[in-house]
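Asker: Each chain, letter by letter, is given below.
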Amino acid sequence: MGVGLNPFVIMIAAALTSNMILSNFLGMCSFIAVSRDLKTANGLGLAVTFVLTFTSVLNHFVYYYVLVPLGLEYLRFIVFIVVIAAFVQLLEMVIDRFSPALYISLGIFLPLITVNCAILGGVLFMIIRDYSAMQGLLFGFGSGAGWWLAIIALAAIRGRLREKDIPPQLNGTGITLIIIGIMAMAFIGFSGMVPVR
Amino acid sequence: MSCLRSLEYWVKKMADKKGFVENLWKNNPVLVQILGICSVLAVTNDLINTSIMAIGLVFVTGLSSLTVSFLRNRTPRNVRMIIQVLIIASYVVMVDTFLKAYLPDVSRALGPYVGLIITNCIIMGRAEAYAQSHGPMDSFIDGVSSGIGYGLVILMIAFVRELLGFGSIYGVRLLPETSTTWTIMIMPPSAFFVMALIIWIARTPFNKKPGKR
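Protein chains in written order, with our numbering: chain A, 52 to 248; chain B, 3 to 215.
Note that these hints are calculated values from the structure, not bench results.
Any given hint could turn out to be false.
[Claimed, not checked] Residues of chain A placed beyond 12 Å of chain B at every Cβ, according to the derived structure:
{"hint": "1", "residue": "P58"}
{"hint": "2", "residue": "F59"}
{"hint": "3", "residue": "G78"}
{"hint": "4", "residue": "L97"}
{"hint": "5", "residue": "L109"}
{"hint": "6", "residue": "Y115"}
{"hint": "7", "residue": "V119"}
{"hint": "8", "residue": "M144"}
{"hint": "9", "residue": "V145"}
{"hint": "10", "residue": "L200"}
{"hint": "11", "residue": "I203"}
[Claimed, not checked] Some chain B residues near chain A, calculated using beta-carbon distances under 10 Å:
{"hint": "12", "residue": "A91"}
{"hint": "13", "residue": "P114"}
{"hint": "14", "residue": "R205"}
Positions of the beta carbon are idealized from the N, C-alpha and C atoms, including for glycine.
Work the whole structure out from these sequences, hints included.
Answerer: Written out as structure tokens, the structure is:
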């Protein structure tokens, strides 16, 4: 599917036209839970982008150089989730060791990321579309960046809504879902900008 | 006959544990606890795919709660998360393999979303919040009812989206040919809108405490 496509086109497509959250619904849980505050949203977005970029490449190698030669493709879900969990754990330790400041701002989000659908979803999309390692790297980065962009935008809008008079039953998740829906409609405007989905 | 009687027994047992009914509506994981609204929304523009997804989800939630509960006294506390994830992933592999073998078209249409059942917060949430501290049978019932509650919500969304988007239910055309189908209902944004409306409706009669922003 993705064979021969320019990796940069894939990156732009992943970030804008087929945005992780707004058109693929990946990473919804934390997207709604953590978007109350702009600063936290920013931290989670950064962490997701970072982890997604690296686990895409990592899982690409694991899949094509370990699982495929051994004929164990059916185990890929288990292997991918273990790779992601291990990478996040490692990252947590490295950040803790070398940059306490970064650990404080990023560290609390790292455990959340293992079960963030966006990470596993990105990896699975990469495998299903037969991306090369380079394409996978930029796809991972683009997807993460698109997710980051979306959560910052949502957090900013929710900040504005705080003083508004919203029906009590719709308050919280309801209104957030409507905002996400409108954002998704806005992002449809990007489709046709790049020739892939 | 004995089959019927055992079914009756089960229904009664489930009704006794009022948790079963509560998980379906009053304590519905999606509407009230706002858990696991991820990924599965992506397949809600088609009732057939949604139903298969819901069945797979009930299977995984029920059995993984059961397994987590069986192993709860043998798992060290600090590695329990990863063990739960592995248990869930194993059941998802079963569902995926089954779909690939018997329903290849559906498997292709669902794409990566079957695998994403693993990261669905509902399953982890029930394993962590309930199965970790209750007996196997109770956990199984809790898992199944959470799964069904979740399935009902995505079926409601799929019902609205397929009816308005394609004018059909389970692929059978219901609306007259002259009626206009709503293209927006096939596209991603409508899933968010329909979901928001369902949450709105669900919260109205109970006058639930308004959510935090």
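Asker: Against the structure shown, which of the earlier numbered hints fail to hold, in ascending order?
Answerer: 3
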